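2 protein chains.
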Amino acid sequence: MEKGIRNFEFQNPTKIVFGKDQIKRIDSLIPQDAKVLILYGGGSVKKFGMFDRVVEALGTREWAEFGGIEANPTYETLIQAVDKIKAEGYDYLLAVGGGSVIDGVKFVAAGAVFDGDPVDMFGSGVGKGLPVTKALPFGTVLTLPATASEMNNNSVVTFVEKQAKISFASPHTYPQFSILEPEATYTLPKRQLANGVIDSFIHVMEAYLTYPVDAKVQDRWAEGLLQTLIEIGPDVVDEDNHDYATRANFMWTATNALNRFISPGVPQDWATHQLGHEMTLAFGIDHARTLSIVLPAMMKVRKQQKWDKLLQYAERVWDIRGDSNLTDEEKIDLAIKKTEDFFASLGAPIRFSDVDLDETDIPGLVEALVRHKKENISERGDFTTEDARAVYTAAL
Amino acid sequence: MEKGIRNFEFQNPTKIVFGKDQIKRIDSLIPQDAKVLILYGGGSVKKFGMFDRVVEALGTREWAEFGGIEANPTYETLIQAVDKIKAEGYDYLLAVGGGSVIDGVKFVAAGAVFDGDPVDMFGSGVGKGLPVTKALPFGTVLTLPATASEMNNNSVVTFVEKQAKISFASPHTYPQFSILEPEATYTLPKRQLANGVIDSFIHVMEAYLTYPVDAKVQDRWAEGLLQTLIEIGPDVVDEDNHDYATRANFMWTATNALNRFISPGVPQDWATHQLGHEMTLAFGIDHARTLSIVLPAMMKVRKQQKWDKLLQYAERVWDIRGDSNLTDEEKIDLAIKKTEDFFASLGAPIRFSDVDLDETDIPGLVEALVRHKKENISERGDFTTEDARAVYTAAL
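Chains as they are written, first to last, in the numbering used here: chain A, 1 to 396; chain B, 1 to 396.
There could be a bad hint or two in this list.
[To be verified] Below, in silico cross-link-like pairs of lysine-lysine (BS3-like), each with a Cα-Cα straight-line distance of 27 Å or less:
hint, chain 1, residue 1, chain 2, residue 2
1, A, 20, B, 128
2, B, 300, B, 331
3, B, 190, B, 162
4, A, 46, A, 3
5, B, 303, B, 337
6, A, 3, B, 300
7, A, 15, B, 47
8, B, 190, A, 3
9, A, 190, B, 3
10, B, 24, A, 3
11, B, 20, A, 20
12, B, 338, B, 190
13, A, 86, A, 162
14, B, 134, A, 15
15, B, 20, A, 3
16, B, 3, A, 24
17, B, 15, A, 134
18, B, 300, A, 15
19, B, 3, B, 331
20, B, 337, B, 190
21, A, 373, A, 300
22, A, 84, A, 162
23, B, 47, B, 20
24, B, 3, B, 309
25, B, 20, B, 46
26, B, 3, B, 47
27, A, 331, A, 373
28, A, 46, A, 86
29, B, 190, A, 134
[Claimed, not checked] To list a few chain B residues with every Cβ distance to chain A over 10 Å, as calculated:
hint, residue
30, 20
31, 128
32, 131
33, 159
34, 213
35, 216
36, 264
37, 345
38, 367
39, 368
40, 375
If you are wondering where the hints come from, they were derived from the structure by calculation, not from laboratory data.
These numbers come from a predicted model, not from an experiment.
Heads up, the beta-carbon is just placed ideally off N, CA and C, and yes, glycines get one too.
Sequences are here, hints too, so could you generate the full structure?
Here it is, written out as structure tokens:
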């Protein structure tokens, strides 16, 4: 067994400003002479007053806005923001929204100063995959806890024409600051709250449910996030329950699920995300709702490869103890069942049939994985398209 | 009950380079044209070859050295490094050593460019407590996991003449990078390894053992570090057991015990450290060995104030479960006993008598706390000198 934390480099420069009434802090976080472009998605940030609070905090700074960044932000939309910046000369970007807006702004910040065609920032058959060597500075105001994009340098962009979701990351695409106001979640509907819990849960699982390397802190911390999500999940998805402590725990858990605090020096999987991305592309299913369908099937199909970690997950996260009269496999199967039940209890789909898909939809999804060069993925690079077919089939 | 994560600001810019054979990375981490001053403590960094590896990594850069920084680094020694820098003009500092060397270099980095008398960076009756607005850039090569100084901005400096240990912190005193090679711990004697485990354990406890604010991630992560230290402690202090995974977990746990990942938005205590500092000043006892004496007594004397967290600590960290037929107080007392036994099992003292002190030494320690203005400390600011006397007495 591989043993011991792998060599790693870790740095996360993002400043987090967390709590009540923090948007006003923008005035001290953005240079006084900055010309600011505020980027957002739909109308909710204006409807619920957040946009006005941001503008008030900007004070006398020159600013403009770019709205309409969609869920699963598209290159086609984002490139318009890049053109606007090149034409009008903004030097600081402010993302106000959830993970889609923030992911989009990361591309815009880098694309606006990229030498060459911004499409070449992406690989996977879409562009040349050239390195990102600079980006405009940007901050974020988070409205939806889910992706942790507010405290990492990852971005996933959708290419409508090419029917692809491609990610990129650069040391230059960390937000300079992110403002986290738990009360911003009070206006979210149940479905988005559930998506945030599930997205966070599966971000942790991608870094945790692989094979043991005896990285004790990383394991304990991942388990702590999972236990927290299981504990608060039912209250979080009660959209009328505006308990501050609950929403604060939700927001901080989501950020820590993918800011790399739990993953330095450990193997990671991400096959669940790859398979889920194809379902979003092909059928427009919410990202999180594809993950709640794929993960349980992934746990079943990859049970042997993930055996040791599945057993640890059963014992530590679900408290299925050694003194329970169960075999190891019974413990694992029970933990998988509890995971499914947890997702379902949040109102999330856990089967193809829950989103009106069936076996006839699988060949297209597998072909898309091949087309997007998503072969030999997962923690050991041994996850084939046949494995993908088996996982989709197990999720029927 | 105060409920919910408090407003907080979090940022930790230090880059961690962790693993095997990483010192060579210095060449890519320090500017090519830097004039470097290497600061260290005793001869061990030269004896065991680390100094030579650092010099090799510096390549053609101009460098000089400043050795002799003692455990509990003194202002009197450090100010000599400040003078050397002012006289010879170094623009990058490199700390090679443990927490004492790194704490010392933080003061040197700020003191060398401080406008005015560097003593005024300190408060607590020693100086004017003026703000630190700049510092020379510096990196560290860690030799002794214990203080987490390699990934925070805190520094504790001892003033021999004034018999005081004073801390300061500034946004400018984070290391730019820290190199963590777990194999560097292979040459440490049992006593220093035990000190590192205990220092880390109590850093976590200062942030954890206060009162609950329903900060679930912070609590789970603190508990995860404590569980890890309890699990690996016996193997870590076996100085001949050079198991890489064990030492890697030890080193990463020590860093995370005080890099603020576990403490944003939660109350903190630090009274155990305050009481321990006076014992080090008066009797020259190792910092960690004062903490292993003070903490158990602190838990007993402050049982009522810390009741809820002590119970959570018993149940989650020591697995004293609800189904055990114990009253809550019995669970708490058992957890305190297990904590004492853990420290003792590492070879650490847990009573005044273990370090040849007795009740006649208490008045002087309490007077020193008053002299150093360490009154009304702890998480509620309600810890009086009478409480201090009670804690010292409970530790006899």
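Here is how each hint holds up against the structure:
{"no.": "1", "hint": "A:20 <-> B:128", "verdict": "violated (33 Å)"}
{"no.": "2", "hint": "B:300 <-> B:331", "verdict": "holds (13 Å)"}
{"no.": "3", "hint": "B:190 <-> B:162", "verdict": "violated (32 Å)"}
{"no.": "4", "hint": "A:46 <-> A:3", "verdict": "violated (51 Å)"}
{"no.": "5", "hint": "B:303 <-> B:337", "verdict": "holds (13 Å)"}
{"no.": "6", "hint": "A:3 <-> B:300", "verdict": "violated (39 Å)"}
{"no.": "7", "hint": "A:15 <-> B:47", "verdict": "violated (40 Å)"}
{"no.": "8", "hint": "B:190 <-> A:3", "verdict": "holds (23 Å)"}
{"no.": "9", "hint": "A:190 <-> B:3", "verdict": "holds (23 Å)"}
{"no.": "10", "hint": "B:24 <-> A:3", "verdict": "holds (23 Å)"}
{"no.": "11", "hint": "B:20 <-> A:20", "verdict": "violated (43 Å)"}
{"no.": "12", "hint": "B:338 <-> B:190", "verdict": "holds (21 Å)"}
{"no.": "13", "hint": "A:86 <-> A:162", "verdict": "holds (25 Å)"}
{"no.": "14", "hint": "B:134 <-> A:15", "verdict": "holds (19 Å)"}
{"no.": "15", "hint": "B:20 <-> A:3", "verdict": "holds (13 Å)"}
{"no.": "16", "hint": "B:3 <-> A:24", "verdict": "holds (23 Å)"}
{"no.": "17", "hint": "B:15 <-> A:134", "verdict": "holds (19 Å)"}
{"no.": "18", "hint": "B:300 <-> A:15", "verdict": "violated (38 Å)"}
{"no.": "19", "hint": "B:3 <-> B:331", "verdict": "holds (24 Å)"}
{"no.": "20", "hint": "B:337 <-> B:190", "verdict": "holds (23 Å)"}
{"no.": "21", "hint": "A:373 <-> A:300", "verdict": "holds (24 Å)"}
{"no.": "22", "hint": "A:84 <-> A:162", "verdict": "holds (24 Å)"}
{"no.": "23", "hint": "B:47 <-> B:20", "verdict": "holds (19 Å)"}
{"no.": "24", "hint": "B:3 <-> B:309", "verdict": "holds (14 Å)"}
{"no.": "25", "hint": "B:20 <-> B:46", "verdict": "holds (19 Å)"}
{"no.": "26", "hint": "B:3 <-> B:47", "verdict": "violated (52 Å)"}
{"no.": "27", "hint": "A:331 <-> A:373", "verdict": "violated (35 Å)"}
{"no.": "28", "hint": "A:46 <-> A:86", "verdict": "holds (26 Å)"}
{"no.": "29", "hint": "B:190 <-> A:134", "verdict": "violated (48 Å)"}
{"no.": "30", "hint": "20", "verdict": "violated (6 Å)"}
{"no.": "31", "hint": "128", "verdict": "holds (25 Å)"}
{"no.": "32", "hint": "131", "verdict": "holds (16 Å)"}
{"no.": "33", "hint": "159", "verdict": "holds (33 Å)"}
{"no.": "34", "hint": "213", "verdict": "violated (8 Å)"}
{"no.": "35", "hint": "216", "verdict": "violated (4 Å)"}
{"no.": "36", "hint": "264", "verdict": "violated (7 Å)"}
{"no.": "37", "hint": "345", "verdict": "holds (19 Å)"}
{"no.": "38", "hint": "367", "verdict": "holds (40 Å)"}
{"no.": "39", "hint": "368", "verdict": "holds (36 Å)"}
{"no.": "40", "hint": "375", "verdict": "holds (29 Å)"}
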